[in-house]
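Undergrad: Residue strings, one per chain:
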Amino acid sequence: MTWGGWSEFWAMGGYGFYVWGSYAVTGAGIALEIHFLRRRAREAKA
Amino acid sequence: MSAAIKWFWFASPQTFFPLAGTLARACWIGAALLAAAGLYVGFFVAPTDAQQGEAYRIIFIHVPAAWMSMFLYVVMAFWAAIGLAFNTRLSSMMASAVAPTGALFTFIALWTGALWGRPTWGAYWVWDARLTSELILLFLYLGFMALQAAIDDPRRADRAGALLAIVGVVNVPIIYYSVTWWNTLHQGASVSLTRAPSMASTMLTGMLLMALAFWLYSIAASLARVRCIILERA
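Going down the list, the sequences are from chains A and B. Letter 40 of the first sequence, counting from 1, is numbered 40 in the working numbering, and no numbers are missing. With the second sequence counted from 1, adding 1000 to any position gets you the working numbering.
Only chain A is shown next, with the shape it has when bound in the complex (with noise of 0.2 Å):
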């Protein structure tokens, strides 16, 4: 274990804005990909 707490894991050493704005954005675009590909395939099945 390399952090001393969570409030230390989350402000990652000063750098937060630009790890945590780099994963969120990963995973908001990934997430969005799955919906839409949820979407596409009940609509051909329709």
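Quick caveat, the hints were computed from the structure, so don't treat them as lab data. Among these hints, one or two may not hold up.
Cross-link-like lysine to any residue pairs, in silico, SDA-like; alpha carbons within 25 Å at most [claimed, not checked]:
id : chain 1 : residue 1 : chain 2 : residue 2
1  : A       : Lys-45    : B       : Val-1167
2  : A       : Lys-45    : B       : Glu-1232
3  : A       : Lys-45    : A       : Ala-31
4  : A       : Lys-45    : B       : Pro-1100
5  : A       : Lys-45    : A       : Ile-34
6  : A       : Lys-45    : B       : Leu-1231
7  : A       : Lys-45    : B       : Leu-1138
8  : A       : Lys-45    : A       : Leu-32
9  : A       : Lys-45    : B       : Pro-1154
Per the computed footprint, the stretches of chain A lying under chain B, defined by three or more beta-carbons under 8 Å from a beta-carbon of chain B, are [claimed, not checked]:
id : segment
10 : 2 to 14
11 : 24 to 32
12 : 37 to 45
Just so you know, these numbers come straight off a predicted model, no measurement behind them. Where is the CB? At the ideal position from N, CA and C, for every residue including glycine.
With chain A fixed as given, assemble chain B onto it according to the hints.
TA: Relative to the frame of chain A, chain B by itself:
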């Protein structure tokens, strides 16, 4: 049934459809497990970087996404070329199915690169050879998708898209070698097949786990999308 006949058996969209579903399910699960392991190693096992502090942890998505962006373009151009040369429907459908996932990983590579560039270089964006050629890659993916969407006849759309995809493949080695051909702000490769990686082994483990997760995710998403295309064109 001999191996050769089986190969052509699965080249038919109707017989490939259920196989693609089974493969996609296995790949979704594998991708989720590998991503969980990769994120655990990346955030809780890998140490703080001596030079960049915690900002370097962007590497666990940036580098795998950049690899996938280039690899998926080659896969897309390969299937497009096969479809163009042999007029096989499923090959062209595969090319169309890979494109949106490739575009997503190109966007992720650019986005995470910008958020990594700001704290390390002092700028979100510079017109450096690596960044510019990666941006061109995004436009190639979007151009391929827009061109195919603009043509009503799917067979004609496949042929037009294939030409664009094949011409654009020349950009992939330009991206890959840009850091050695030009004097770029972007650093050179940290991982190569010919020499030892220039990073701690736990950092490398986390990055490779995420790369495998993205790889399986891309296979799952492409197969799920090709199933939609098969149904839509039936």
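Undergrad: The structure should be examined with respect to each hint, and the outcome stated for every one.
TA: Status of the hints after comparison with the structure:
Taken as a hint, the Lys-45 of chain A and Val-1167 of chain B pair is broken in the structure, with Cα atoms around 35 Å apart against an allowance of 25 Å. A distance of roughly 8 Å separates the Cα atoms of Lys-45 of chain A and Glu-1232 of chain B; the hinted pair therefore holds under the 25 Å criterion. For a cut-off of 25 Å, the pair hint linking Lys-45 of chain A to Ala-31 of chain A stands: about 21 Å separates their Cα positions. Taking the CA atoms of Lys-45 of chain A and Pro-1100 of chain B, the gap is about 20 Å. The hint holds against a cut of 25 Å.
For the hint linking Lys-45 of chain A to Ile-34 of chain A, the alpha-carbon distance of about 17 Å falls within 25 Å, and the restraint holds. Taking the CA atoms of Lys-45 of chain A and Leu-1231 of chain B, the gap is near 7 Å; set against the 25 Å cutoff, the hint holds. Distance restraint check for Lys-45 of chain A and Leu-1138 of chain B: the Cα-Cα separation of roughly 30 Å exceeds the 25 Å cut-off, and the hinted pair is therefore not satisfied. About 20 Å separates the Cα atoms of Lys-45 of chain A and Leu-32 of chain A, which keeps this hinted pair within 25 Å; it holds.
Note on Lys-45 of chain A and Pro-1154 of chain B: the hinted pairing holds, with a Cα-Cα distance of about 19 Å set against a maximum of 25 Å. Counting residues of the segment 2 to 14 of chain A whose CB lies closer than 8 Å to any CB of chain B gives 6, which reaches the minimum of 3, so the coverage claim holds. Counting residues of the segment 24 to 32 of chain A whose beta carbon lies closer than 8 Å to any beta carbon of chain B gives 4, which meets the minimum of three for the stated coverage. Three residues within the 8 Å Cβ limit are the bar, and the segment 37 to 45 of chain A against chain B gives 5, so the coverage statement holds.
The earlier numbered hints that this structure contradicts are 1, 7.
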